[in-house]
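Each protein sequence line maps, in turn, to chains A and B. So that you can map any letter, position 250 of the first sequence is 250 in the numbering used here, and since no number is skipped, the others follow by simple counting. So that you can map any letter, position 288 of the second sequence is 288 in the numbering used here, and since no number is skipped, the others follow by simple counting.
Among the hints, a few may not be true.
No distinction is drawn between identical chains; accordingly, a pair holds when it is met within one copy or between any pair of copies.
As the list claims (entries may be wrong) - Keeping only pairs whose Cα atoms sit at most 20 Å apart, straight-line, the calculated EDC-like set for lysine to aspartate or glutamate is:
id : residue 1 : residue 2
1  : K7        : D194
2  : K206      : E21
3  : K8        : E190
4  : K307      : E270
5  : K22       : E312
6  : K8        : E275
7  : K206      : E238
8  : K8        : E82
9  : K7        : E190
10 : K7        : D86
11 : K54       : D132
12 : K206      : E10
13 : K113      : D127
Note that these hints are calculated values from the structure, not bench results. Keep in mind the model is a prediction, meaning the values are calculated, not measured.
2 protein chains.
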Amino acid sequence: MTQDQSKKTEIMDPRIPSLIEKAERALIVTHISPDGDAIGSLLGLGWALRALGKHSVLACADPVPQPFHFLPGHQEIVREPEGTFDLVIGLDASDPQRLGSPWQQAEGLDAPKIVIDHHVTNLHFGDINWVDTTAAATAEMIYELVQALDVPMNVDIAQCLLCGVVTDTRGFRTSNTTPRSLAIATRLMEAGADLNLVTEQALNRKPLAVLRLWGMALPRMQMRGRILWSTVTRQMREETGVNDNGDGGLVNVLVSANEADVAVVFTEREDNRVEVGMRAKPGFDVSQVALSLGGGGHPQAAGCVIKGSLEEVQELVLSALEESLRRQGGE
Amino acid sequence: MTQDQSKKTEIMDPRIPSLIEKAERALIVTHISPDGDAIGSLLGLGWALRALGKHSVLACADPVPQPFHFLPGHQEIVREPEGTFDLVIGLDASDPQRLGSPWQQAEGLDAPKIVIDHHVTNLHFGDINWVDTTAAATAEMIYELVQALDVPMNVDIAQCLLCGVVTDTRGFRTSNTTPRSLAIATRLMEAGADLNLVTEQALNRKPLAVLRLWGMALPRMQMRGRILWSTVTRQMREETGVNDNGDGGLVNVLVSANEADVAVVFTEREDNRVEVGMRAKPGFDVSQVALSLGGGGHPQAAGCVIKGSLEEVQELVLSALEESLRRQGGE
């Protein structure tokens with residue numbers, strides 16, 4: 001199953017704007033390990049509620065990552081919300097665990113829980129669930145909600161929502177980017193959001209350590225047929241100080257090579273496992289191999305984690321990919 | 001002088017659609033060393049004229065680069081146009097030299113010459129000149145012209161024009177990307193243009209040799225204050241086979257490092273000169289140093305070519321940049 005096969009537009013439940021208008025003190029929660037859409041949607045909705053004259057508490061169990069510190073209001077996001085609430089809204093998360101402790105604390109409250117999300121895997125765990133899997137970002141849905149609430153768009157809302165759209169579409173480059181994504185981004189720019197700033201701050205940055213890691217991994221590139229692959233060892237991660245970022249996006253760089261139909265990066269982990277990141281050019285599919293090896297993903301981007309040494313896992317995955325590409329080529 | 005200071009919207013001369021409607025056989029010429037906007041604008045306008053039932057000849061003195069071979073109609077572009085024409089249109093070029101031999105041949109013809117371009121340096125060398133320097137791409141202007149010609153947008157026109165907008169804005173990432181760029185891209189997608197395909201084909205690709213070059217240049221990275229720099233020697237270009245691409249975009253990779261305010265790549269040329277590519281994070285300006293060293297550019301992207309050895313040029317440029325950044329910091 002690929003994500004695209006099960007996508008479905010869902011109209012906003014009219015009770016959502018109505019409950020927000022009635023609420024006196026709302027708690028809005030976004031997911032752990034927050035990305036640009038998590039933070040952008042949270043702050044965008046927060047600014048909209050402020051424009052309505054409402055008090056809301058914005059919560060995330062994890063700190064706001066540095067790349068999103070340029071967003072207005074990020075200092076007001078709390079990790080442990082206090083007090084009582086008459087409305088709870090969970091954003092950009094498929095399941096309650098992903099919303100962390102703020103959501104778990106709120107579960108006991110006698111307050112309606114609204115879930116707004118765009119992931120196909122969403123469990124519909126709220127009292128009211130609005131899950132639009134055709135939205136490229138939850139921020140697109142918040143844009144629609146802001147319209148429904150009759151809040152005039154302002155530059156603070158716009159900047160935060162644009163961050164969500166831009167990061168979840170990797171700058172309008174993912175295949176789920178729609179004309180709606182672009183139309184919303186147009187209106188957010190017209191309201192004063194700075195696309196160049198969002199791109200530079202939230203998208204185009206990486207630690208210097210990642211560039212040093214690429215500098216060690218690129219000379220190790222090898223071609224096997226039309227598969228371009230490389231390896232990131234534990235030692236390379238230790239020497240460069242790249243610990244939690246896996247390959248630092250290297251596999252996306254590799255798949256940009258004209259000569260490659262498919263790219264793979266093998267990242268050695270601490271626990272005698274190897275993380276396998278795979279990418280395919282349009283027209284090729286790496287999700288089948290990932291699925292057959294216990295992982296998952298989309299045709300163009302998939303991955304898995306396999307027990308074994310680097311050499312063992314390399315041979316296993318490259319052979320499976322070669323076989324799969326042969327079948328895809330119709331031979 | 002930076003480009004932004006002299007930008008100016010220019011309304012389309014109404015004689016342009018009128019001359020096109022009257023023409024029986026138009027010659028459309030785009031610039032040498034064509035990029036995605038040159039080819040996309042040329043083909044987009046060609047498809048629009050075809051929709052009007054007109055015969056036109058599309059010309060470019062250089063072959064269409066491989067990344068644009070996915071565009072419909074690219075095979076019909078000729079290098080040496082033959083026959084006679086009653087209208088000549090030059091696209092995306094500041095001066096007649098840049099339009100190469102097809103334009104020079106047409107200069108003797110008794111036919112009106114129209115120039116459509118978005119570069120601030122345009123010399124207004126046509127009989128009618130439409131130079132809109134607020135357009136991020138000439139393709140945005142062709143979009144407007146297609147509207148003025150009352151040609152219904154079709155998927156062929158749309159795909160070609162989207163290629164122009166996407167490549168000239170590097171996927172909506174350059175600072176000259178406007179809400180209009182996004183609004184036009186929205187309508188082109190709605191007409192059936194495939195944004196993901198355009199991005200993958202025209203933007204996200206590079207020769208494997210470029211990745212090998214990066215693999216040699218990244219380990220040579222050095223920090224000087226907040227300036228991150230590296231070097232591409234003649235030998236590195238020879239070993240990897242990257243000849244005409246300079247640094248293959250390496251300086252854009254370097255400036256993405258969190259730790260850098262400014263990035264520089266020194267590329268050794270054959271003629272005892274060194275090409276200096278500079279990039280700056282928003283809030284910093286490298287154009288002043290480039291100008292003072294005989295080059296030019298924008299605050300965020302500038303460059304120059306300096307006579308001397310790598311070591312001499314490195315010292316000269318890095319010292320000048322350090323001094324300039326000190327002044328910019330208000331010290």
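We went through each hint and held it up to the structure:
1. For the identical chains of this complex, K7 and D194 are inter-copy neighbours only, at 18 Å across copies versus 30 Å inside a copy, given an alpha-carbon limit of 20 Å.
2. Within a single copy, K206 and E21 get their C-alpha atoms no closer than 40 Å, and across copies no closer than 51 Å, so neither meets the 20 Å cut-off.
3. Proximity of K8 to E190 under the C-alpha cut-off of 20 Å is restricted to the inter-copy arrangement: shortest distance 18 Å between copies versus 29 Å within a copy.
4. Taking CA atoms no more than 20 Å apart as the test, K307 paired with E270 passes inside one copy only; the shortest distance there is 11 Å, against 50 Å between copies.
5. In this assembly of identical chains, the alpha carbons of K22 and E312 never lie at most 20 Å apart, being 59 Å within a copy and 70 Å across copies at closest.
6. Neither within a single protomer nor between protomers do K8 and E275 lie at most 20 Å apart by alpha-carbon distance, with minima of 31 Å and 52 Å respectively.
7. For the homomeric pair K206 and E238, the shortest alpha-carbon distance inside one copy (17 Å) is at most 20 Å, but the shortest distance between copies (29 Å) is not.
8. In this homomeric assembly, K8 and E82 never come within 20 Å of each other (Cα to Cα): the closest approach is 36 Å inside a single copy and 53 Å across copies.
9. Taking CA atoms no more than 20 Å apart as the test, K7 paired with E190 passes between copies only; the shortest distance there is 19 Å, against 29 Å inside one copy.
10. Taking identical chains as interchangeable, the C-alpha atoms of K7 and D86 are never at most 20 Å apart, the minima being 32 Å within one chain and 52 Å between chains.
11. For the homomeric pair K54 and D132, neither the shortest alpha-carbon distance inside one copy (26 Å) nor that between copies (45 Å) is at most 20 Å.
12. Taking identical chains as interchangeable, the C-alpha atoms of K206 and E10 are never at most 20 Å apart, the minima being 35 Å within one chain and 39 Å between chains.
13. Proximity of K113 and D127 under a CA criterion of 20 Å is satisfied intra-copy only: 5 Å inside one chain copy versus 66 Å between copies.
Checked against the numbered hints given earlier, this structure breaks hints 2, 5, 6, 8, 10, 11, 12; the rest are met.
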